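Line order of the protein sequences matches chains A and B.
For the first sequence, this note's numbering begins at 1 and goes up steadily by one.
For the second sequence, this note's numbering begins at 1 and goes up steadily by one.
I should point out that these hints are in silico values taken from the structure, not numbers from a laboratory.
None of the values given here were measured: they were computed from a predicted structure.
Be aware that a few hints might be false.
[Stated by the list, open to error] Among the chain B residues that face chain A by a calculated CB cut under 7 Å, a handful are:
#: 1; residue: V164
#: 2; residue: L190
#: 3; residue: Y354
#: 4; residue: I399
#: 5; residue: L413
Ideal Cβ placement from N, Cα and C applies to all residues, glycine included.
Residues per chain are reported as follows:
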Amino acid sequence: MRLDRLDRWLGPSLTLLALVWLWLVYAYIPGARFEGEPGPRAFPVLLGTVLAGLGVVMMLQSLVSARRDREPGETPSLGGREVGLAAGTFGLLILYAFLLERIGFVSATPVVTALAMYGLAKVRRWVLLGSIAVGITFGCWVIFDVLLGTPLPRGSWVIWP
Amino acid sequence: MDALFQGMAAALSVGTVAAVATGVVAGLVFSAIPGLTFSVALALIMPFTFGMDPIPAMALLLGVYSGGMTGGAVSAILLGIPGTPSAAATVLDGHPMARRGDASFALGASVISSAFGGLFSLVVMMLLLEQVADVAIRFGPAEIFALVLFGLSTICGLADKSMVRGLIAGVLGLMVMTIGLDELDGVGRLTFGSIQLQQGVNMLVAMIALFAVPQVISTFVDHGRVERPAITERVRAVFPWRRVAGCWSLLLRSSAIGTVIGSIPGTGGPIASFLAYDHARRFSRRPAEFGTGTIEGVVAPEASNNAVMGGALIPVLSLGIPGDPATAVILGGLLVHGLQPGPMLFQTRLDVIYALYMAIAVSWVIILLVQLVGIRLFVRVLRVPPHVLGVCILVLCGIGSYVIRNAIFDVYLMAIIGLLGYGLQRMRIPLAPVVLGLVLGPTLEQQYRTALILSEGSHQIFFESGVAMVFFALTLLTIGWQVWSSLRTPTEPKPEVT
């Protein structure tokens, strides 16, 4: 996809996002309580307005550049594999947060590390995979819990003695 | 003279030097790990100082401060994740240097620049403490707003390819930081009744997400498609003295920027580092190379953010006004040990003041010694294959996001922001301006509204201040220059800063 074609839908999308933002701001944030004070709503309204304007500018720029028939240069493209890896990374992070809360750091970390090594990093050697999963878990536990004394999640499903 | 010798003797005693060394190592470790900052280290170590004598106690805290300001560059350069918000600008050129095999060079340059900036601001603090404090106290909300607005104008320089995209990125960053409990009115803004969202989006969580997650996804995408072995680190001297000395003018200017910014309460390392980075780029003979791995892109922000330390201590020691959470803990340490900041401290306990100055100088020497060994170990991280390192970074992102506020919610937030950041990157919207918006947004809004409250709604307050007008003029000049430059330059693709 050419960059100017990307901007032709990105610009209006950002303007739409800004309008949704403005609607939410007016619906959920009260205005100023006293005269002369901008209030909590002023800054978000200003930002939404600026973003809406920038979205329009982006769209206009794309129309102008399309007319000039500029060389496309490097254009962004998104393959299925890339989408899958991005979704997989996001999913793993969400899973990690879910498991941290329920089964705690000591159990969640090797599970998620192993899944990441297998699914994202494509490591198929089980010994290496297991070693790295255990190693990362142990290393983080030593650094955060033992040396720095920062509490790590213990898990609500786990009964600790 | 007696006070000077007493201070030196106290600062150079075995106990005090040991305290400084302990503080330096603790600060370095905490700030090198994304998610932990030296402010956390200061808060954790503070109780240990209660049983200590005042000078070793303060030396310990100052060691944490100086070590902490330096350590953030380690993960910024090696992993592309700033260990502290102050190191965010260092990522822009430091990490590209590491990826092409110059990690030790980048780390060495950052340490030297940091030491220079720290010592520069120490000298300023010693010689001009009263004068700088006098100027700093005149900075009210209108002046700070104008200064931060000037800082935001650097967004124009962080998005070389398209100013519109850069501005969009900056606005998005500003918008994210408005979510949460409004500090002035106490009302929830787009929290939708969620207690977690009332705390807002933590800046460090957002930085971890924006810097690390897109990079990790790109690593996995490249793995298998592009045969890329682990980075081969070029053998270089650990401390590139000559190369950094060649940037002596930039070092001086960046250190001056950091010292001045640090002396103004409410600003700090992130603002100073981005201002210095933009200044370096703007006055460079090769501005297009910024973002691809130039040494100036490391020297400027690191000198500046470490010079903040001396500047920040000026209002603390002379007026008892802390400028950020770290100096607030330092102030607490002074009070706990019976040292009341202000003019009387300089009259009655001058030996303590000299001892603190010496302790800071000693801390920089220790930092250089520690990093001499540390850099050779740190760069071994890069021998790990990128796809394996990517998994390690992923786990570190999760844990790092959690330990900031002990909140699982922050891990979810980091995942969402990270995915959005990747999407922005793919749409050629640069992430550096988003980070700048995150950093400067809260201060910008707060100072603007405070100024209007003081003036009962009149914008005249901004125009009555000469200092504010100067910064407004600089802002317009910066934006105008950037617009003119982009109109003048033919439409050749330039390296994009992301």
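**Item:** Satisfaction of the V164 of chain B interface hint, Cβ to chain A closer than 7 Å
**Value:** This interface hint holds because 5 Å falls under the 7 Å limit.
**Request:** Could you check if I399 of chain B really has its C-beta closer than 7 Å to a C-beta on chain A?
**Result:** 6 Å, holds
**Status of the hint placing Y354 of chain B at chain A (closest C-beta pair under 7 Å)** = 33 Å, violated
**Request:** Using 7 Å as the Cβ threshold, decide whether L190 of chain B counts as touching chain A.
**Result:** With a minimum Cβ separation of about 6 Å from chain A (threshold 7 Å), the hint on L190 of chain B holds.
**Asked** Can the hint on L413 of chain B be confirmed by a CB-to-CB distance to chain A that is less than 7 Å?
**Response** 9 Å, violated
The structure shown violates the earlier hints numbered 3 and 5.
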